[in-house]
Amino acid sequence: MRAIEIAEPGGPEVLEWREVPEPRVERGEVLIDVAAAGVNRADVLQRQGFYDPPPGSIPYPGLEVSGVVAEVGADVEQFKAGDEVCALLAGGGYAERVAVPWQQVMPKPGGVSLREAAALPEVACTVWSNVFMIGRLRRGETLLVHGGASGIGTFAVQLAKTLGSNVITTVGSAAKGERVKELGADEIINYREEDFAEKVRADVILDIMGAKYLAGNVKALRTGGRLVIIGLQGGRKAEIDLGALLVKRATVHATALRSRPVDDKGVIVRSVVDNVWPLVEAGAVRPVVYAEVPLSDAAEAHRMMDSGEHVGKILLVR
1 MRAIEIAEPG GPEVLEWREV PEPRVERGEV LIDVAAAGVN RADVLQRQGF YDPPPGSIPY
61 PGLEVSGVVA EVGADVEQFK AGDEVCALLA GGGYAERVAV PWQQVMPKPG GVSLREAAAL
121 PEVACTVWSN VFMIGRLRRG ETLLVHGGAS GIGTFAVQLA KTLGSNVITT VGSAAKGERV
181 KELGADEIIN YREEDFAEKV RADVILDIMG AKYLAGNVKA LRTGGRLVII GLQGGRKAEI
241 DLGALLVKRA TVHATALRSR PVDDKGVIVR SVVDNVWPLV EAGAVRPVVY AEVPLSDAAE
301 AHRMMDSGEH VGKILLVR
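According to this note's numbering, the sequence shown is numbered sequentially starting from 1.
In case anyone wonders, no lab produced these hints; they're calculated from the structure.
Just to be clear, a hint being listed does not mean it is correct.
Said to hold, decoys possible - Mimicking EDC-like on lysine to aspartate or glutamate, the simulated pairs with C-alpha atoms at most 20 Å apart in a straight line are:
{"hint": "1", "residue 1": "K248", "residue 2": "E281"}
{"hint": "2", "residue 1": "K161", "residue 2": "E141"}
{"hint": "3", "residue 1": "K248", "residue 2": "D264"}
{"hint": "4", "residue 1": "K161", "residue 2": "E194"}
{"hint": "5", "residue 1": "K219", "residue 2": "E198"}
{"hint": "6", "residue 1": "K219", "residue 2": "D241"}
{"hint": "7", "residue 1": "K219", "residue 2": "E187"}
{"hint": "8", "residue 1": "K199", "residue 2": "E187"}
{"hint": "9", "residue 1": "K80", "residue 2": "D33"}
{"hint": "10", "residue 1": "K161", "residue 2": "E178"}
{"hint": "11", "residue 1": "K219", "residue 2": "E239"}
{"hint": "12", "residue 1": "K80", "residue 2": "E26"}
{"hint": "13", "residue 1": "K181", "residue 2": "E309"}
{"hint": "14", "residue 1": "K212", "residue 2": "E194"}
Please take these sequences and the hints and turn them into a complete structure.
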């Protein structure tokens, strides 16, 4: 088969479409003929040499795919050949085929195409596990989403709004703000022009920036607020005012999805299927797809990601 390999750390040009060995299906795994793969910020970091795959995982980039089950390994009863599915991966999605632990595989939800389904696993599992399972966002509370025009941001805005929360988001341009507002955001803050910490008081904050926004996020929390950090685009190290946390009785969580054990991911995946897929099937929450690019031209998809001009997800398709 063919897959995208990273020749060496660097720019998009280091992504090469090569012949690679076919994956073998082990006990408890599902082999998927890939229809599409989602492009994520983690893929860019891996390409640049800053985010190695977990030990033992496939070295090709790609954290989510959709496709058709080609084969199942021993002890797999949940899926069969011919099923349309999507899956959360630790790596290997930029390929024609991928073998995945069955716990990380989900049936394709109704109401979306097989290709569109590739835009769902990473964002759905990230948003549901962090905003709702860890952050415990409740109806009537306020969610602040940083990077509302991203794949995670566009999904978080829709899901939180559908489940009855007030949603505020930061974006980098007026055009992105208008698009996110169409998805249901109640308030838009252009981070190039305004300080969110002076305007917002939120019960839950979903943060992709890390160090750069830490002080502002703590300031923006309400009493009993929950800050969930899922990215470090603004750096790894910062001071925190513990006194402010004590007074507000607030909590800070920092989580990663890719490195979690298979069984932990399985718990999240099953919860997503039970709680989020019905909303997708009803049309209340939709994947936002910015562009579809041939899998063999992953470098072009990464150039789009690097430009920062996209809204929603970029897909690699076969």
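Now the hints, each set against the structure:
At most 20 Å may separate the alpha-carbon atoms for a hinted pair to count; K248 and E281 exceed this at roughly 39 Å. Among the hinted pairs, K161 with E141 is consistent with the structure: their alpha-carbon atoms are about 10 Å apart, no more than 20 Å. Only pairs whose Cα atoms come within 20 Å are accepted, and K248 paired with D264 is rejected, the gap being roughly 30 Å. Proximity of K161 to E194 is assessed by CA-CA distance (about 23 Å); at most 20 Å being required, the pair is judged violated.
Note on K219 and E198: the hinted pairing holds, with a Cα-Cα distance of about 8 Å set against a maximum of 20 Å. Taken as a hint, the K219 and D241 pair is honoured in the structure, with Cα atoms around 9 Å apart against an allowance of 20 Å. Under the criterion of a C-alpha separation no larger than 20 Å, the hint pairing K219 with E187 is consistent with the structure, at around 18 Å. Between K199 and E187 the CA atoms are separated by roughly 10 Å; this keeps the pair inside 20 Å, and the hint holds.
Distance restraint check for K80 and D33: the Cα-Cα separation of roughly 13 Å lies within the 20 Å cut-off, and the hinted pair is therefore satisfied. Restraint check for K161 and E178: the C-alpha separation of about 16 Å stays at or below 20 Å, so the hint holds. Taking the CA atoms of K219 and E239, the gap is about 13 Å. The hint holds against a cut of 20 Å. Using a Cα cut-off of 20 Å, the hinted pair K80 and E26 holds, with the two alpha carbons roughly 15 Å apart.
For the proposed pair K181 and E309, the alpha carbon gap of about 17 Å is at most 20 Å, so the pair holds. Proximity of K212 to E194 is assessed by CA-CA distance (about 15 Å); at most 20 Å being required, the pair is judged to hold.
Of the numbered hints listed earlier, those contradicted by the structure are 1, 3, 4.
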